Amino acid sequence: MVKPSCSYRVFQGVNGVVLTLVVLVTLYPFVNILARSFSGERQIRAGEVTLLPKGFNLTTYEIVFQDSMFWRNYGNTVLYTVVATAVAMVLTTCYAYVLSKKHLKGRGVLVGIAVFTMFFTGGLIPNYILVTSLGLKNSVWAIALPNAISVFNLLVMKAFFENLPTELEEAAQIDGLSTYGILLRIVLPLSKAVVATMVLFYSVSFWNSWFSAFLYMDRTDLMPVTVYLRNLIQGATGGGNAGAGTEQLSQVGANIQSVTIVLTALPILCVYPFVQRYFVSGVMLGAVKG
Amino acid sequence: MSTSTTSAPPGTEDPPPASAAPRRGKRDPARTGWRRALRRDWQLYSLAILPLLFFLVFRYLPMIGNVIAFRRFEPGGSLFGEEWVGLRYVQMFLNDPTFWQVFRNTLWIGGLTLLFCFPVPIVLALLLNEVRRRSLKRFVQSVSYLPHFLSIVIVAGITMQMLASDGPVNHILGWFGHEPIRFIQEPEWFRTIYVGSEIWQTAGWGTILYLAALTTIDEDLYEAARIDGANRWQQIWHVTLPGIRPTMVTLLILNIGAFMAVGFEKVLLLYNPLTYPTADVISTYVYRSGVESNSFSYAAAIGLFEAVIGLVLITSANQLSRRTVGTSLW
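Heads up: the protein sequence lines correspond to chains L and D, in order.
Position 210 of the first sequence, counting from 1, maps to 210 under this note's numbering, and the rest follow consecutively.
Position 91 of the second sequence, counting from 1, maps to 381 under this note's numbering, and the rest follow consecutively.
None of these hints come from the bench; they were simulated from the model.
This structure is a prediction, so every number in the text was calculated from the model and none was measured.
We treat Cβ as the ideally placed atom computed from N, Cα and C, and that holds for glycine.
There's no promise every hint is true.
Taking lysine to aspartate or glutamate pairs in the DMTMM-like style, the calculated list, with each CA pair at most 25 Å apart, reads [to be verified]: (1) D:LYS427 <-> D:GLU513; (2) L:LYS137 <-> D:GLU582; (3) L:LYS137 <-> D:GLU364; (4) D:LYS556 <-> L:GLU62; (5) L:LYS54 <-> D:GLU469.
Which stretches of chain L does chain D cover? Using the computed rule of at least three CB atoms under 8 Å from a CB of chain D, they are [unchecked claim]: (6) 17 to 26; (7) 197 to 204.
Facing chain L, according to a computed beta carbon distance under 10 Å, are these residues of chain D, among others [stated by the list, open to error]: (8) LEU328; (9) ALA338; (10) GLU373; (11) LEU377; (12) ARG422; (13) ILE442; (14) ILE604.
Let's have the full structure, built from the sequences with the hints guiding it.
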């Protein structure tokens, strides 16, 4: 190895500075929101809050915690996430398993049916009319059913199944297991890694989703917490339809926003250190096979 | 994997060693093939029924449902509308000044997104690739992925908070003696805000595939380049960039395909009537005229127009890249 040249060392230094800036710019908004959520309104308004809370108080947390609608919507998010993930897992696993069987006649067509939907979709209005006329409005099925299979996840799972050793399935088949039995007792236990990854993929995306609930839920008590947050954001800015009349009120609104952002992001931030690498490997697998 | 006897499928009623041998003298290979396949694999096919039903109902039915763009639709009436009206709704939106405004906005925002959000991950990946300390590299990556995991509502909320009149951005402007700017209310700021928050949210995540591609480049190529007297920049230009070119092209095609569908949800969350002149895009206009104003057929016509342009864009980008660089999605 040659000794690094002078210009290369300069480059390394500049690179370090640039990447540090990237880290700061990415993290600062989070830290700032967290600090705001614990700060006093006066200090926020004066622009004093940067990295640490100023005028520490938990008043806003108390206000949010006492809001029964917040808890209700938080519970809805949990419920919708669980139901939708369960439905998605069953459908995705079944189809991915079928697609992974290379000998299957018509497999190409089955893959094509799924992949085509990645490039062309029906669009908002026909989907809206469909869900409405199926009578799914104001039920969890409006969220779970139309998004039951993500083709990307399907391809990741299919790729994983294809790499399982076929000998095990053959042995099980000789021992008299049916296809269902093989899937449930041989394939799934061998696929814990990919199943866990898929559960994470789906649950994070359902936890984060807001638009289908926004479209299909008419009553506030059915909203997930993301829509609660969305209504706060829309209320405190722009149209100002949530009593943001006085400066004072909108400031409380801004503070409540910070608290709600923190509480909504909390579960994701808690699992983040554990899930991140699965997501990364999933993306690569999907990219290679998709 | 070849179809030898060892990979005989599970669920086979009669695992025939003879089936690997070429069969001769069949009358109707396709028909008997299907019958055999169904008899042998009916359990597998049965597993596909529910997922197929899903695709049929929630993906393909809406595609067909687009015929309401050419038919008069009555809320509560048939899914496919009441009577043919031909291109009436198409003519309607072509004569609609708002349509042309949202069309221009879509091109603007889509173009700016492509221009700024596509190269940033490449540069970031190249920079990360030069970091020698593995722990540092890992840390920067973990941090930069973070915004991708949050709900778009949270991202919009954070954006609003950062740009609020008492937010950090205005605070920094204050240091330079600048009056606070009401970013969210000013139409001329919307594109900057949109693209900026998009970069913040997606740049780190976008590096994943490039970093993976970078690891597959053969070290010998760098060695050879150095022996030929290439400096760092020349190595990047002649070895690294060609090495990640297939990845770049693939992602570029995908980005072009998503061109028309500019971050619908984010625009919907960030815009307000004051910023409509620059923020309103085709998909938000479709949402407002369809779902909010109940002009379903009219909105469907615009949505279909948007989808068709998207499809044309992605297929032509794909064709073009297959001809020129030999990489394509299909």
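Consistency of the hints with the structure:
1. D:LYS427 <-> D:GLU513: 23 Å, holds
2. L:LYS137 <-> D:GLU582: Given pair LYS137 of chain L, GLU582 of chain D holds - Cα atoms ~16 Å apart, limit 25 Å.
3. L:LYS137 <-> D:GLU364: 18 Å, holds
4. D:LYS556 <-> L:GLU62: Answer violated: LYS556 of chain D to GLU62 of chain L is near 30 Å, above 25 Å.
5. L:LYS54 <-> D:GLU469: 24 Å, holds
6. 17 to 26: With 6 residues in contact (Cβ-Cβ under 8 Å with chain D), the coverage given for the region 17 to 26 of chain L holds.
7. 197 to 204: violated (count 1)
8. LEU328: 8 Å, holds
9. ALA338: Hint on ALA338 of chain D: holds, closest Cβ of chain L at ~5 Å, below 10 Å.
10. GLU373: Violated: closest Cβ of chain L sits about 16 Å from GLU373 of chain D, beyond 10 Å.
11. LEU377: 17 Å, violated
12. ARG422: Constraint on ARG422 of chain D satisfied, holds at 8 Å.
13. ILE442: This interface hint holds because 7 Å falls under the 10 Å limit.
14. ILE604: 6 Å, holds
Consistency with the previously given hints fails for numbers 4, 7, 10, 11, ordered from lowest to highest.
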